[in-house]
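From first to last, the protein sequence lines stand for chains R and Y. Using numbering that gives the first Met the number 0, you'd call the opening residue of the first sequence number 0 and step up by one each time. Using numbering that gives the first Met the number 0, you'd call the opening residue of the second sequence number 0 and step up by one each time.
A portion of the hints provided could be inaccurate.
What the hints assert, rightly or not - According to the in silico footprint, chain R covers these stretches of chain Y (three or more CB under 8 Å from chain R):
1. 22-35
2. 51-64
3. 112-120
As the list claims (entries may be wrong) - With a straight-line cut-off of 25 Å between C-alpha atoms, the simulated DSS-like cross-links for lysine-lysine are:
4. Y/Lys134 / Y/Lys94
5. R/Lys11 / Y/Lys94
6. Y/Lys126 / R/Lys11
7. Y/Lys94 / Y/Lys126
8. Y/Lys80 / R/Lys11
9. Y/Lys134 / Y/Lys80
None of these hints come from the bench; they were simulated from the model. Computed from a predicted structure; not experimentally measured. Even for Gly, the Cβ is constructed at its ideal location relative to N, Cα and C.
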Amino acid sequence: MRVKVLFFGRLKEIVGRGEDAVDLADGARIEELFLYYRGSFPELARYRSSLVASRNQEFTPWTAPLRPGDEIAFLPPVSGG
Amino acid sequence: MRSMQEMTPITEDLFRLIREPIDPLALIARVRAPEDGAVAAFDGRVRNHSGGRSTLYLEYEAYEPMALAKLREIGQEIHHKFAIHHVAMVHRLGKLEIGETSVFIAVSAAHRGPAFEACRFAIDSLKRTVPIWKKEFFADGAVWAEGEIPPLASHARSAESS
Chain R
0 MRVKVLFFGR LKEIVGRGED AVDLADGARI EELFLYYRGS FPELARYRSS
50 LVASRNQEFT PWTAPLRPGD EIAFLPPVSG G
Chain Y
0 MRSMQEMTPI TEDLFRLIRE PIDPLALIAR VRAPEDGAVA AFDGRVRNHS
50 GGRSTLYLEY EAYEPMALAK LREIGQEIHH KFAIHHVAMV HRLGKLEIGE
100 TSVFIAVSAA HRGPAFEACR FAIDSLKRTV PIWKKEFFAD GAVWAEGEIP
150 PLASHARSAE SS
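Take the sequences, apply the hints, and build the full model.
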């Protein structure tokens, strides 16, 4: 199952790119997707508690199961205005 | 001579993310119509200091399609909550210098109460829920501004831990 992944703000700087695509096992959840990236970029762990996730441009729980073709984004606290 | 219809300015809601300077007067003109007794506006600007340090400039980035959708949701919400006529919400992205407008909101209504309240609600909601991020540049470095965790997502996180 392939999903598109987006990173913003400091996460984009840590991961070194704003967009990625990854293959995951069926039934994987957003939390597992985050753990996948945390494996490569341990610094992500310290931001986990302040992050929210979105699926297809809607805020979504980290327990949400992924579906093929989903667009998942990891969003730091927002600071517009 | 033009007909009355041609002379009536277009007034409608407007939600936009742009990379050019914001034109506040154009947005005010966009929302006001003859039946409106009030236009309230919020002009968010780049301040020259943050946390006791002198700011050089800011950079804004957004998750653009989602940010635009969230701006539209805020627009729908204030139409439901307040007796307003039209709303314009524009946020600028990219590099902004001190004194430039980063966000502008204009709300028209028959009366000033709903216009003020809706404008306040709109900027407060924007700062809490719209996926836009600000990086502050100082003489000795740069930091991502401390932001707010969107409240809907807070529910999602507590649901996860239960």
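Original post:
Looking back at the hints listed earlier, which ones does the structure fail to meet?
Top reply: Violated hints: 1, 3, 8 and 9; rest satisfied.
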